[in-house]
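**Student:** Listed here are the chains, written in short residue letters.
Protein chains: 2
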Amino acid sequence: MKSEVILLGHGSGGKLSHEMLDELIVPLLSGLEPRDQNDAAVLPHVAGRLAFTTDSYVVEPLFFPGGNIGDLAIHGTVNDLAMTGAMPLVISVGLIIEEGLPIRSFREILVSMRSAADKAGVKIVTGDTKVVPRGKADKLFINTTGIGVIPEHLEITGSNAQSGDKILINGTIGDHGMAVLASREGLELTSDIITDSAPLNGMVQELVLSLGHHLHVLRDPTRGGVATTLKEISRQSQVEITVHESELPINPAVASACAILGLDPLFVANEGKLLAFVSAEVAEQALMIMQGHMYGGQAAIIGEVTSGANGKVRLHTSVGGVRAIEMLAGEQLPRIC
Amino acid sequence: MKSEVILLGHGSGGKLSHEMLDELIVPLLSGLEPRDQNDAAVLPHVAGRLAFTTDSYVVEPLFFPGGNIGDLAIHGTVNDLAMTGAMPLVISVGLIIEEGLPIRSFREILVSMRSAADKAGVKIVTGDTKVVPRGKADKLFINTTGIGVIPEHLEITGSNAQSGDKILINGTIGDHGMAVLASREGLELTSDIITDSAPLNGMVQELVLSLGHHLHVLRDPTRGGVATTLKEISRQSQVEITVHESELPINPAVASACAILGLDPLFVANEGKLLAFVSAEVAEQALMIMQGHMYGGQAAIIGEVTSGANGKVRLHTSVGGVRAIEMLAGEQLPRIC
Numbered sequence: 049m050k051s052e053v054i055l056l057g058h059g060s061g062g063k064l065s066h067e068m069l070d071e072l073i074v075p076l077l078s079g080l081e082p083r084d085q086n087d088a089a090v091l092p093h094v095a096g097r098l099a100f101t102t103d104s105y106v107v108e109p110l111f112f113p114g115g116n117i118g119d120l121a122i123h124g125t126v127n128d129l130a131m132t133g134a135m136p137l138v139i140s141v142g143l144i145i146e147e148g149l150p151i152r153s154f155r156e157i158l159v160s161m162r163s164a165a166d167k168a169g170v171k172i173v174t175g176d177t178k179v180v181p182r183g184k185a186d187k188l189f190i191n192t193t194g195i196g197v198i199p200e201h202l203e204i205t206g207s208n209a210q211s212g213d214k215i216l217i218n219g220t221i222g223d224h225g226m227a228v229l230a231s232r233e234g235l236e237l238t239s240d241i242i243t244d245s246a247p248l249n250g251m252v253q254e255l256v257l258s259l260g261h262h263l264h265v266l267r268d269p270t271r272g273g274v275a276t277t278l279k280e281i282s283r284q285s286q287v288e289i290t291v292h293e294s295e296l297p298i299n300p301a302v303a304s305a306c307a308i309l310g311l312d313p314l315f316v317a318n319e320g321k322l323l324a325f326v327s328a329e330v331a332e333q334a335l336m337i338m339q340g341h342m343y344g345g346q347a348a349i350i351g352e353v354t355s356g357a358n359g360k361v362r363l364h365t366s367v368g369g370v371r372a373i374e375m376l377a378g379e380q381l382p383r384i385c
Numbered sequence: 049m050k051s052e053v054i055l056l057g058h059g060s061g062g063k064l065s066h067e068m069l070d071e072l073i074v075p076l077l078s079g080l081e082p083r084d085q086n087d088a089a090v091l092p093h094v095a096g097r098l099a100f101t102t103d104s105y106v107v108e109p110l111f112f113p114g115g116n117i118g119d120l121a122i123h124g125t126v127n128d129l130a131m132t133g134a135m136p137l138v139i140s141v142g143l144i145i146e147e148g149l150p151i152r153s154f155r156e157i158l159v160s161m162r163s164a165a166d167k168a169g170v171k172i173v174t175g176d177t178k179v180v181p182r183g184k185a186d187k188l189f190i191n192t193t194g195i196g197v198i199p200e201h202l203e204i205t206g207s208n209a210q211s212g213d214k215i216l217i218n219g220t221i222g223d224h225g226m227a228v229l230a231s232r233e234g235l236e237l238t239s240d241i242i243t244d245s246a247p248l249n250g251m252v253q254e255l256v257l258s259l260g261h262h263l264h265v266l267r268d269p270t271r272g273g274v275a276t277t278l279k280e281i282s283r284q285s286q287v288e289i290t291v292h293e294s295e296l297p298i299n300p301a302v303a304s305a306c307a308i309l310g311l312d313p314l315f316v317a318n319e320g321k322l323l324a325f326v327s328a329e330v331a332e333q334a335l336m337i338m339q340g341h342m343y344g345g346q347a348a349i350i351g352e353v354t355s356g357a358n359g360k361v362r363l364h365t366s367v368g369g370v371r372a373i374e375m376l377a378g379e380q381l382p383r384i385c
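Top line first, the protein sequences correspond to chains A and B.
Take any residue in the first sequence, note its place counting from 1, add 48, and you have its number in the numbering used here.
Take any residue in the second sequence, note its place counting from 1, add 48, and you have its number in the numbering used here.
Any given hint could be a false lead.
Same chains, same names: a pair is fine if it fits in one copy or spans any two.
[Stated by the list, open to error] With a straight-line cut-off of 20 angstroms between C-alpha atoms, the simulated EDC-like cross-links for lysine to aspartate or glutamate are:
1) 63 x 312
2) 360 x 84
3) 360 x 67
4) 184 x 166
5) 184 x 147
6) 184 x 108
7) 360 x 70
8) 63 x 374
No lab work stands behind these hints: they were computed from the structure.
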């Protein structure tokens, strides 16, 4: 690449576009030979139901403690697939680049994407790149869309929470949102906070294999945090959910930062966490599986599905009170993913 | 929706987000019940190889003669799937919205997307919505990613152009790019120019059924136009391509506008055209299929694959000369898709 920044011409479809694809994007993301580059990828026959999910990433800043928009975009889509019980197979990458983005940053992000994909065992097989003039986007937006294959007989869905289910989380809450916030200009929070962004498909595979149909709901509490995600599930399944604040794992640095800023960590985004609803009889087994996993050391049972088909979420607070959890109206922290 | 414009909170994942999803986006795009809304869609088993493609749309302005960013985004991805010979099945929609976008425009675009998807026979099954602050995007960007199923034994790819193949196009060139340009502020071109944006999967199905393995390459000449697309194919297949300028169908209004602006229509984007490389013995049959189709009335045989394994494209001009076609370095017309 001759230029040090992305130029409008890199999005033209002409020589500069092909140079960027051939020298930078394709070798780093997929390694596909030019001869094999068509507008669509061809995938071998897949035996089983497919999971299909899309997410666009607009996080600001592009780089934050523990990650960047690139690995975040891979983990996010891998996790959305995994939350159906699927094994992620392939991912597409759509890039919208603001003219002027330094090639050096861009390259670093692409390298992170490939590394995250390799670790999660998914292949980046197709993509698209657009460039818009300065001021018409904010540096870089990334869309990732994924396909996974769902094992037979699984029925993991937000509408499958059942009375008596135990609710588990695989670790501390609020790390990602606070890491992004901490890295924004002008905020000087403790440096102990790093994103939890991670691929959860490995852990999900273990849960699926061991628990089978006792695994009822999986969802990753991203935008809106644990509180909003629980509220969504309570509505979808028309059940009542009770959560115990004292059981919620939280990094003390995140707790302090939230206290200082007046934020509720229950509503702060996570990018390497899942909520699992499982039959009570396998809850301890699920906990042990999570705790034995590299992304689940601090896993905990945080609540249960209680009687009442009312779509409510009740939080038993550390000081002995009970409060109803509702979704926030708008933004607590904009652009965290 | 209470607000008349998109607010930052509509991208928060909280109440406003859910309101926008439940009242606007999901009913218009997919009609999925809230109970069935998970982060990933679950698709039934698909028998056959899959085609998988992604595209982001950043066209400016959002509305142009004959279409808008919404139907363009559906047609573009349907067409990229069809260019493998695939029957498009499902599409995901990733929306990045700039705060302040009028809900009225947004609704109109969503309605167009659904209508385009219905006409093309594909379902919008999953999506994602992000909102960024004013000045951080340009009104609306749309990513569409699609899955299709490829009939057995087909091998339609850019590397399959063969010596002796005839090259067909299904109609006039340059309409989309010039329609977008004409609709930009300050340009007063003739109103006879409208986009050719259209779904080509129906025509491709007919070609596939009738021509089978005689159909070697299909590609839609979007960014970079017919010239760039032919150059890509000549390189991928390592063949020489000859095109006859006098055979290229062109709308006279597009030709005049290009002449006035100093643009070469061969490099102007199309969004409802395909180039087909077929065995010489079925060329007339292919032409008749195209001409009998609603999007192929002006189809023509425009060239052939000649001897020489050199990756060159030669244009026989209307005045009797021959010129080599190379890709342009950068942008002829930025942001036409």
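**Student:** It remains to establish, for every hint, whether it holds in the given structure.
**Tutor:** Each hint tested on the structure:
no.	hint	result
1	63 x 312	between (50 angstroms within a copy, 16 angstroms between copies)
2	360 x 84	between (52 angstroms within a copy, 18 angstroms between copies)
3	360 x 67	between (55 angstroms within a copy, 18 angstroms between copies)
4	184 x 166	neither (32 angstroms within a copy, 31 angstroms between copies)
5	184 x 147	both (9 angstroms within a copy, 13 angstroms between copies)
6	184 x 108	both (15 angstroms within a copy, 10 angstroms between copies)
7	360 x 70	between (53 angstroms within a copy, 19 angstroms between copies)
8	63 x 374	between (53 angstroms within a copy, 9 angstroms between copies)
Checked against the numbered hints listed earlier, the structure breaks hint 4 alone; every other hint is satisfied.
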